[in-house]
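Single-letter residue listing:
Number of protein chains: 2
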Amino acid sequence: MQCSVRHLARRGVSTLKFGNSAQESDVRFFQRVLGAANVITSPQELKRYNTDWLGQYVGRSPVVLCPRTTAEVVEVMRHCNLRHLPVVPQGGNTGLAGGSVPVQDEVVLSLTRMSDVLSIDPDACVATVQAGVTLQQLDEALAPHALCVPLDLGVKATCQLGGNVSTNAGGLRVVRYGSLHGSVLGLEVVLADGTILDLNNAMRKDNTGLDLKQLFIGAEGTLGVITALSIATPPRPSSVNVAFLGVKSFDAVLATLRRARSMLGEILSAVEFEDSTCMRLVLQHLEGTQHPLAHARDCPMYMVIETASSGPHRERLDAFVRESAAAGDVLDATVASDATDMDRLWRLRYGVSQALVKAGHVFKYDVSVPQKQMYNIVDEMRSRLAADEAKGGMQHTVVGYGHVGDGNLHVNVLYDRNATSEQMARTQAALEPWLFECIRDMKGSVSAEHGIGQHKQHALAYSKSCDALRVMRSIKHLLDPSGLLNPHKMLDE
Amino acid sequence: MQCSVRHLARRGVSTLKFGNSAQESDVRFFQRVLGAANVITSPQELKRYNTDWLGQYVGRSPVVLCPRTTAEVVEVMRHCNLRHLPVVPQGGNTGLAGGSVPVQDEVVLSLTRMSDVLSIDPDACVATVQAGVTLQQLDEALAPHALCVPLDLGVKATCQLGGNVSTNAGGLRVVRYGSLHGSVLGLEVVLADGTILDLNNAMRKDNTGLDLKQLFIGAEGTLGVITALSIATPPRPSSVNVAFLGVKSFDAVLATLRRARSMLGEILSAVEFEDSTCMRLVLQHLEGTQHPLAHARDCPMYMVIETASSGPHRERLDAFVRESAAAGDVLDATVASDATDMDRLWRLRYGVSQALVKAGHVFKYDVSVPQKQMYNIVDEMRSRLAADEAKGGMQHTVVGYGHVGDGNLHVNVLYDRNATSEQMARTQAALEPWLFECIRDMKGSVSAEHGIGQHKQHALAYSKSCDALRVMRSIKHLLDPSGLLNPHKMLDE
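As given, the protein sequences belong to chains V and E, one line each in that order. Those letters in the first sequence? Residues 1 to 493, per this note's numbering, in order. Those letters in the second sequence? Residues 1 to 493, per this note's numbering, in order.
Worth flagging that the hints you see were computed from the coordinates, not collected in a lab. Honestly, I wouldn't trust all of these hints.
Below, a sample of chain E positions facing chain V; criterion: calculated Cβ distance under 8 Å [what the hints assert, rightly or not]:
1. K205
2. D211
3. G218
4. R261
5. G265
6. Q371
7. C438
Remember, it's a predicted structure, so these values are computed and weren't measured experimentally. Even for Gly, the Cβ is constructed at its ideal location relative to N, Cα and C.
Given only the sequences and the hints, what does the whole structure look like? Please build it.
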């Protein structure tokens, strides 16, 4: 996946130095404010803060700051503003677009130590937390109140809520709970000049002026540092079931989705799909996995459907599976209700990304398109690359999977680990801008849930108009006039 | 309810003329663009566009424009911008804060003729409509697809989706579907200078840059004119039940809410409460109403709990009612499953507002506070007004009702229709700013769902900090530098 680093250079992202570099005197200031232990400067320790989750992007920040309180964030930001030091806010550093690591030698502001669950209100079903609380930590704090976080991600043990909100993280539960724009009720944000913007009233309904907090949800740390947040926490389902289905075709996937919506409605909590190539790669590369279906072992498509509710409902899921089989859409199915079995089935879907990494190098695209056209993109991509192969291009395996309930397709291109950069460039040229143009024509999104970061800057204009980008940049300028927050990324010109 | 008009004058809202007034030549221009029939200038016809839903606010616009297309809105806005004519966008004109009528002689831009349902995608469960489509019209268009609008309001036959989004309308279904910030997927907006901002990709997931559309949700027409929108439309429940409960106390209301969340979880679709005074006024003033409970006819509190799902669930609601009675929280209850009975029960809650209007004049407050403290506000308000009465103030009846599931309290003060303006001012002085200070101290909202409009400008600063207001005003200035859109309202200084 080093491809992306090479893209960066090739695409001509500015490598001109921006802002000042932190000096010894800055480090001494930070040590006075935060305590020496909370200012990281050792090259060994710095490495993980400078390197993104996928190892695609490596920055060279000389200093990582670990404040404990909002007041400390304010002092840090004031100093950086005066000294014109660019700052990268960083949560669990689990983003997939390189948004949370420095591009040059920006100061890294890690929220990790701001890890207090501030309050849980079981009447309102609202939790208020510092930004560095991990998804798992909050979920465990909510469990005794029979509440849950309306968000689930594979990296829940390390990703932090501030980062989740900054990324507008999607994941598996959007089909049930919607996006964070609906779930996040309040934010506390520190602006580039150290001003605290208190947008954290924790109420479910509040129509007093513009809803400014929404700007920071998905702003990828470019407008301010989220230091605390309130989030609606729905009742924790007492009953969960998972069905794994072998499906006849992608059309049958859509028919099954429609049936699931109609028969399962409010108890649906995930509707995922993967194609047969994904399944083959998972079974081949992930230890301990096995095909879960007894009869139909080579289906064109597979689906995972999860239901969750406050009362038992297994018979409803069974009835849905029976009806889907009777309609001819589903070729074979298995339903799990105990935790181990559910995990086993989920791993066949969760594991796709990991299996791809084990199998070779990957071009990853994370897009939103109308459901009807989702798999056409995978098929067309296969044709384009087959045509290129016929003319001497390298071999590829194209796979499609994703959150079909949300129209969110992950289409990945697997290729040989030993490919040359010329081969990679040729493949990329076969796919871009063709893919982005397709998505623009469908009024889709070139980044459904991963965001822009360093990775998708060149594609942003395919999903947003010049006028919209102009307004975004004006708002950026309004809130961060010196451009110190997370430079060279989302809205960089 | 004329009190509010008097507030306006008393509070010193500027009556200095702002902008130019439309001239004959402007009217001729509008007639050329829209057709003579779509430019209203007759005083008789103008009246209803100049007067708000509650008859509290009366503007004096000389011209109402009724475009049919976005292109026409663009032409109108360009002209108004060049001519410095202030514009009030208006949907169904059903708002409760005077936001949709002119303050002076602003041009009214009515979206009523922009009433096309543009598309319904049953796979994605998304509808795209012009802004003037009514809530009921969309609901009827969705019914054949077994989908519904994630919003329900008493005025559904006349309120328009563009207006709903501009107001961020709340209502009864927020407890189930969340706010419009989560449900609205895309917007098309025309800015003050006629620029079309196309933020309408209709995808459930889109992380490409700042989510600008969120700014316009709840902006009350001060930032741009919403001309079209896409909204997520959930599966239409096939089974609905309504329980009407007589409840022991407000603490028991909260215990019942917690039990409802835990036992009914995802099938809950409304959790409402009203106190015994509301019930008495409804039975006294609304024809055809009768007490629905056989045994406990004088309960301190009443609740309406609605459940809705994609499968039958009546036994779950019955079990919840039994358990609530066994716990001693619920004194008596009745459950309805047929439409007529459900309407009959709902009217006892829906009808509160209407009953109050029939009973006298009303000060209306629509606030969000932590559930635990909701009814304390009603009690304290009663004490304050009783103390004032003891010192010679006029008589009052204080009632509390609202969307308890969302922490949204409507606390209303009923008083004699013949009260003098001095008496009204005395009452108001007994309540304000005390109430707003209480709400500020609880980090609540001084306007939960009605918005700011002309009615709550003086209270805005109790829920939003100076810094937040400064940022809001800068964004307003960025998008509407001449301040032509809906002046004298939400963000006016």
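To see whether the hints hold, each was checked on the structure:
1. K205: Constraint on K205(E) satisfied, holds at 4 Å.
2. D211: holds (5 Å)
3. G218: Result: holds, 5 Å to nearest chain V Cβ.
4. R261: Nearest chain V Cβ about 5 Å off; hint holds.
5. G265: holds (3 Å)
6. Q371: holds (4 Å)
7. C438: violated (14 Å)
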